[in-house]
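> Residue numbers (the UniProt record's numbering), protein chains in the order written: chain A, 1 to 410; chain B, 1 to 410; chain C, 1 to 410.
To be clear, the hints were calculated from the coordinates, so they are not data collected in a lab.
Check before you lean on any hint, since a few could be wrong.
Note: identical chains are not told apart, hence a pair may lie in one copy or across any two.
With a cut-off of at most 25 angstroms between alpha-carbon atoms, the simulated DSS-like pairs for lysine-lysine come out as follows [stated by the list, open to error]:
| id | residue 1 | residue 2 |
| --- | --- | --- |
| 1 | 371 | 94 |
| 2 | 94 | 177 |
| 3 | 279 | 129 |
| 4 | 177 | 129 |
| 5 | 279 | 177 |
| 6 | 395 | 94 |
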Amino acid sequence: MLNDRIARLLQERKPGHSLPRDFYVDEEIFRADMRAVFETDWLFACSVAEIPRPGDYVTMQIGDNPVVILRNRDGEVVAFHNSCRHRGSMICQKEQGRANRLVCPYHQWVYELDGTLINARQMPESFDKSTHSLAPVHVEVICGMVYVCISDQPPSLAAFRAGVTPYIAPHMPDRTKVAFSTTIVEEANWKLVIENNRECYHCAGNHPELLVTLVEFALPDDPLVAAQFQSLMDRSTARWDSLGLPHKPADGGTEFRCIRLPFNENCLSFTMDGGLACKKLVADFTEPDLGSVRMFRVPNNWNHFLSDHIIQFRVLPLSANRTAVKTTWLVHEDAVEGVDYDVERLTEVWIATNDEDRILAENNHRGILSKAYRPGPYAPSEFMLRNFADWYAGKMADHIGGPAARMAAE
Amino acid sequence: MLNDRIARLLQERKPGHSLPRDFYVDEEIFRADMRAVFETDWLFACSVAEIPRPGDYVTMQIGDNPVVILRNRDGEVVAFHNSCRHRGSMICQKEQGRANRLVCPYHQWVYELDGTLINARQMPESFDKSTHSLAPVHVEVICGMVYVCISDQPPSLAAFRAGVTPYIAPHMPDRTKVAFSTTIVEEANWKLVIENNRECYHCAGNHPELLVTLVEFALPDDPLVAAQFQSLMDRSTARWDSLGLPHKPADGGTEFRCIRLPFNENCLSFTMDGGLACKKLVADFTEPDLGSVRMFRVPNNWNHFLSDHIIQFRVLPLSANRTAVKTTWLVHEDAVEGVDYDVERLTEVWIATNDEDRILAENNHRGILSKAYRPGPYAPSEFMLRNFADWYAGKMADHIGGPAARMAAE
Amino acid sequence: MLNDRIARLLQERKPGHSLPRDFYVDEEIFRADMRAVFETDWLFACSVAEIPRPGDYVTMQIGDNPVVILRNRDGEVVAFHNSCRHRGSMICQKEQGRANRLVCPYHQWVYELDGTLINARQMPESFDKSTHSLAPVHVEVICGMVYVCISDQPPSLAAFRAGVTPYIAPHMPDRTKVAFSTTIVEEANWKLVIENNRECYHCAGNHPELLVTLVEFALPDDPLVAAQFQSLMDRSTARWDSLGLPHKPADGGTEFRCIRLPFNENCLSFTMDGGLACKKLVADFTEPDLGSVRMFRVPNNWNHFLSDHIIQFRVLPLSANRTAVKTTWLVHEDAVEGVDYDVERLTEVWIATNDEDRILAENNHRGILSKAYRPGPYAPSEFMLRNFADWYAGKMADHIGGPAARMAAE
């Protein structure tokens, strides 16, 4: 019945237009989203910089599912469903922390950092600890970015890994540390949060802080480039070529995007004056004018890699009309707060921008609730939304089953 | 299935009694209410005094539907679904404001005050602006009261207009200005908010401020009149007749009610001492002793028209158990605050009364949730609730279809 | 359809293990819980000490159903659905209060303390007051504990009454007064709140305040007793036998439990130093070393009866993931605050313990939401949870009907 509704909505869908109303606002569709996308696909979880030492952990909530990501004694990143095998209690209860072993606070069952149950006090002789390990969650680490998947059969990340590594690896995210982190909740569907991120058509009217430094065009051959920025582009790409840093758009299809683009003339970083936010550059860079690698991957992540810091964004849906967005700023692991960087200067542009985007997404959601809402045409500069809508329709078609549904969606 | 439930509930209904439980408390029935009543019928929106100049607007929420009401360049009142034709964002985001043109804050699509899309920057040549106007909402203005209807086929307002105009027009609401406005949310079903307003059986026990001035009887031939107020009534109606002001009950059926009734002996207005709230009378009145025209119209409005000010009430359901009630006080457009009127004196009676009514409606709602609730008999002084219940049952019968259902409801 | 789901979940259930996920977290199952358990069974409401005089009342909310419990003019405890027979308003609106008669605040219909409608002003001659009494709720008082049942056919309380009276009556709860009372809301399913109370396996890791005095073993023949407490047990039971106070476990099956157990060596009461909380003992006791009678009854109550005070706990579900827990401390009716007892000293152990339990139940709930949750095995010391799960499964089987379902549940 729900599948029939989804099939009808997919048939109504007009490519190049925003999605039919119920995809954005309906609670039943939201639960289908969770199954079709968030319980199926890889999700960005955190940076390895957030869990540098064995026993360091980060928790996250994938819909109903609490998950813990940690570094084990071998220095590898692993993840588990954060639910004790005794009576189900959540084990790690803080957003982040450190544990020598994972001890359930309820009855003190003790798990090794590899998930093995090693002590269950008061349980009888007949109890078999070996069948009560924590349920594992799939993990892949790509250039310091930790992705997890709670599906039993995760899709391949090979193309993504191959595609983004040349751009990101030079920034050495695994040699950074967390300078600041913040989570906001937007009263909007997660797809509106993503769509908001996929275009800068809205920037001129809404993001004064961001536009100090960010160029609005998203493609090197954008007509805007020709008009205003050709000389900037030419000088920038010449510099990056000389440093061996790739910049042309990667071929990520609808799955991901990766590109290096310049900041505005004379701007080096996301600050209110365009100057550096951190004197100590990331990796071994000595050249500060690297623009930024802009990377996103559906469904829940976008990052910026600059010469002096890295910003990562993690989107997690809470309900049809609530979405959590976590932003983390990373700087070189040896950078010293107060000497090399100042947290307020480092974070003010994106804290302001996030809040502006929150308001836009919330009003977008409220307007779409209207019975008068009709999917409207994406502008040419919204080509990434077209991709996103196509990707999402494909996921939903797969979910309700079979190639027939998939064809209907295309 | 829901229609079957509604049909069964309508069959259970006993005329002259409060409605079966689920009509008041069930979320599914609430959604049917929204379709059967609020998306079908005319709703009171505001006074023309709230939008005196071209570009002045007021927003309201009709269930999921954001609507904007504004005055266009020709001075006419028009209304639109407040949802951009690009990606659906809500356009006007304040409760009230002023705009030279309607500019969507998301991507700055620009609409004329008549709803025409006049600019959509960055859209390609092929984009047809003429098919992307704002969706219009029906509007009628009656004696300065603005009613809107989001149905494609609005019912006729002719009888209402004809019936109330002789009573209200002399008070010239279109020559007033807003002195104060407040919105409260009641944790109660909208029908309980309306029922609470339709009788003064509860006044003696609950409204000390209101009863300073308000007579509790609702009909000129009420036995209470004979006993206590006949001389007051006789003097009052003689005065009004001499001024050409109608006072006998209009024939509004179950749709509306309009009548002029006196205040208590020596009282002129809704104040704590019965004296005037505004020295400058509305219209060109020189006689302060006009009692008040009490008017209501189902489903969401009641107003009082006095010699010195006008009060209008707007009810908007938020969910099965939440209802917003907006109260607006209007005075002569030339009245001067601090000279002719004092806002606290003007508003204190009804601010207190509204809060008392909120508590009554909330406890009514909580008690009806009980499985022991049985529809009880309306008292004779609750005859307007009988009308309201009959009207509501008719609307629901129409909604689930056909004359058979309608007959079952009667 | 819901019944089919419940039947499937009952079949999945493994005895001796925590329940299948949806029994703890699903809103539909929660509504079935309310019908199968809370609208069917006896529920602990309050102590007679809370309503000592005629007209004293306590209100409680059984799911959607507001109920009022009061003492009538004959000194008997009676209860009614707290919903006026006129238009359904809740009548008694405070958590507790006193009323000479029950007067509905809406239109002042007046009910005698026996529920009879004695005045309905303005109603016509034809109105029959005798058919508009308040709907009664079944009440039984056992050793000062008031139980209510809103079912038309309440089950028998005879076994419970017979079983617990010998233990509790000597503490004379009907000669106590309320020293303090507090209600907290736990963001957890009611069954997790109950399970948390049914074992002390979690005490060592979580309840430092409680373990000053409480012995963790729950049965006289617990292996823990042999190892550590045999001498304490022997001395305690000898003392109680000499006073004629029963202490061996009552045979309550899955319905209730009653037992007297000692405190830790040299401890007399639930205080931070083990000393008495109230110098004036309850009843006519002169011996302070009585341990405590620990009593619970499914679904919503557990109490402790000590030499110097009594603590009672009342659990009321609010939704699938919210539960209200009210705790009341009773002392001898002649005890004087500031002289015989100090409220902070009396309450600090259980206020702290309740809050610790709240956190445990909340994290238990959050972890069970995980799709990786699998019902885990109860430890031997969790034998009362096995009983509880069996009892609950039986109730649900009865609810969905017939012996077949009941067999499937066993």
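> Now look at each hint and say whether the structure bears it out.
Hints versus structure:
| no. | hint | in the structure |
| --- | --- | --- |
| 1 | 371 / 94 | between (41 angstroms within a copy, 20 angstroms between copies) |
| 2 | 94 / 177 | within (19 angstroms within a copy, 42 angstroms between copies) |
| 3 | 279 / 129 | neither (52 angstroms within a copy, 50 angstroms between copies) |
| 4 | 177 / 129 | neither (37 angstroms within a copy, 50 angstroms between copies) |
| 5 | 279 / 177 | within (15 angstroms within a copy, 59 angstroms between copies) |
| 6 | 395 / 94 | neither (32 angstroms within a copy, 37 angstroms between copies) |
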